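Chemist: Produce the entire structure from the sequences given, and follow the hints as far as they go.
These protein sequence lines are chains C and R, in that order.
The end of the first sequence is residue 279 by this note's numbering, with every number in the run present.
The end of the second sequence is residue 1246 by this note's numbering, with every number in the run present.
Do not take every clue at face value.
Claimed, not checked - Label-pair restraints from in silico Cβ distances:
(1) 1185/R <-> 143/C: 26 to 32 Å
(2) 1005/R <-> 58/C: 49 to 55 Å
(3) 1122/R <-> 143/C: 53 to 59 Å
(4) 1027/R <-> 270/C: 57 to 63 Å
(5) 279/C <-> 1238/R: 50 to 56 Å
(6) 143/C <-> 1239/R: 45 to 51 Å
(7) 193/C <-> 1005/R: 47 to 53 Å
(8) 1166/R <-> 154/C: 27 to 33 Å
(9) 1219/R <-> 141/C: 37 to 43 Å
(10) 200/C <-> 1131/R: 41 to 47 Å
(11) 141/C <-> 1174/R: 39 to 45 Å
(12) 1007/R <-> 201/C: 28 to 34 Å
(13) 5/C <-> 1243/R: 53 to 59 Å
Source of the hints: derived by calculation from the structure; they are not laboratory data.
Source: prediction; values computed, not measured.
Beta carbons are placed, not taken as given, at the ideal position from N, Cα and C, and that holds for glycine.
Read off the chains here:
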Amino acid sequence: MLKVLEQGLFTTLQDQGRFGFKDKGVPVSGSMDTYTTKAINTLLENASNAAVLEITMTGPTLEFKAPTYICIGGANFVVALNNEPISLYKIYKVKAGDVLSYGKLNLGFRGYLGIKGGFKSTVILNSSSYYYPITKSRCVKKGEELDYEECQDFNPKISEIKISSILNKNILEIAKGPEYNLLNPSQIQQIFTTIFSISNQNDRMAYQLQENIEGISYSMLTSATFPGTIQLTPSGKLIILMKDGQTTGGYPRILQLTDRAICVLAQKKYGDTVRFKLV
Amino acid sequence: MSNYTISIRPFGQHAILIEWPNIVDEAILEDILQFKTYLAKNFLFPEKWEIIPSYNSLTLVERNFPINFNVLKHNIKQWYSKKSAVEIKREKNLWKLPVCYDTDFGVDLEEVASTVNKSVEEVIALHTKQSYTIYGIGFLPGFMYLGGLPADLEVSRREVPRQKVLKGSVGLAGKQTGIYPQQSPGGWNIIGSCPVSMFKVTRENPVFVSVGDKVEFFAIERAEYNLCAIENEAGVYTIQKIKIDA
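Modeler: And the structure:
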């Protein structure tokens, strides 16, 4: 068990999410930054769907009740194991009683903690990713204990990697969305020349951008949306749907982020800036 | 069934969008669902593909790998032209859902009645006499987009949305009616409450309705509502379902 001594701002369990239920209105959920979680699970030699802890802006303090191996990644937090700082993308052995504490956030927004074998949690609709009310909890709570399998002995093939960080990137690569052709030349110019900043309306459901462009009034029938879909509202607001985003929408879907761009955006917080680049 | 003119457009690395004429029409929806059934059975299997129907579109999403748009577009055209030659069986149901129109639940019922110049009883009668078609499921898990609201019951959204609309609330907005499957902020006019969960993870099938199914409401008294709510919670409420020929 992993005891939660401090829960942090918004700490959740995430795996690859729920596939196959969009036609019932169920969002895919899962890790916001799959670039990071894939690296962590690969290093730990876990299944690609192993659940990790997703840590947002302010991290938790956690106490291990059984020995295992861990690896952290994603946002650059000051993280200490028994008060000794530890590095990203490196495997550490932990024993019962060890305490992992998250401190200052230096860069990025979402950190990840992977554990050998993945966290064990109730699987609902093929996933243990938190999404209320599909899961009982919205986020991990202080005093709670998270389950994992004890591991005494693990000899990783690779114990540390240097991955090219996406934390400094601010270019979001996009493809044209289904309603891209509704845009006029001036809107297209605004999209590709504006430096957009992240508004305070940003979470696992959607990121709204601060700067508006010329709006679009088009009455369309409700149709599918998914993570990375950028909708343009009549008032000119750009709304980027993320992993917990709704599965249908009625605003024109003008652009679609690439998988990697979703990861880049997931590491952005209020006030950070981004630009769009068509691929 | 005759074929429509469809358009096929890219939708990011993993998805492709097929669109039918931009109108709300039951024959179009039926054609979309026939094609969905045909694709899922023969070509795009559920382990790798999600197929999402809604009003006038089908969105195909590949689970893991980027798709090749041109190849897929070509295939879709061929599959669609072949579809009309085969007989496609698909299950279609009419669901009868209880609604308590007590004003404790239907907090906007009296206001709606006065807006549309009807008595409360007439509003209930109009709302329950209709068979609604499910044109889409989205917004929230288990939220149905229902078509077929009588024109007499069209009222605009509330000017100021409520921060908290209770789970089960039955609402009216524009040409739409529907049930909030969970507590949520919302701007619809609330006229009653349905005690049957539209989304329940402990049920074998968390969302029992499908796009293309029909829904009818029937009025129940407060005492019956309480009983249904208990049965629903315990997982023993039997939802009334009638098979219809698709």
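Chemist: Which numbered hints does this structure break?
Modeler: 4, 6, 7 and 8
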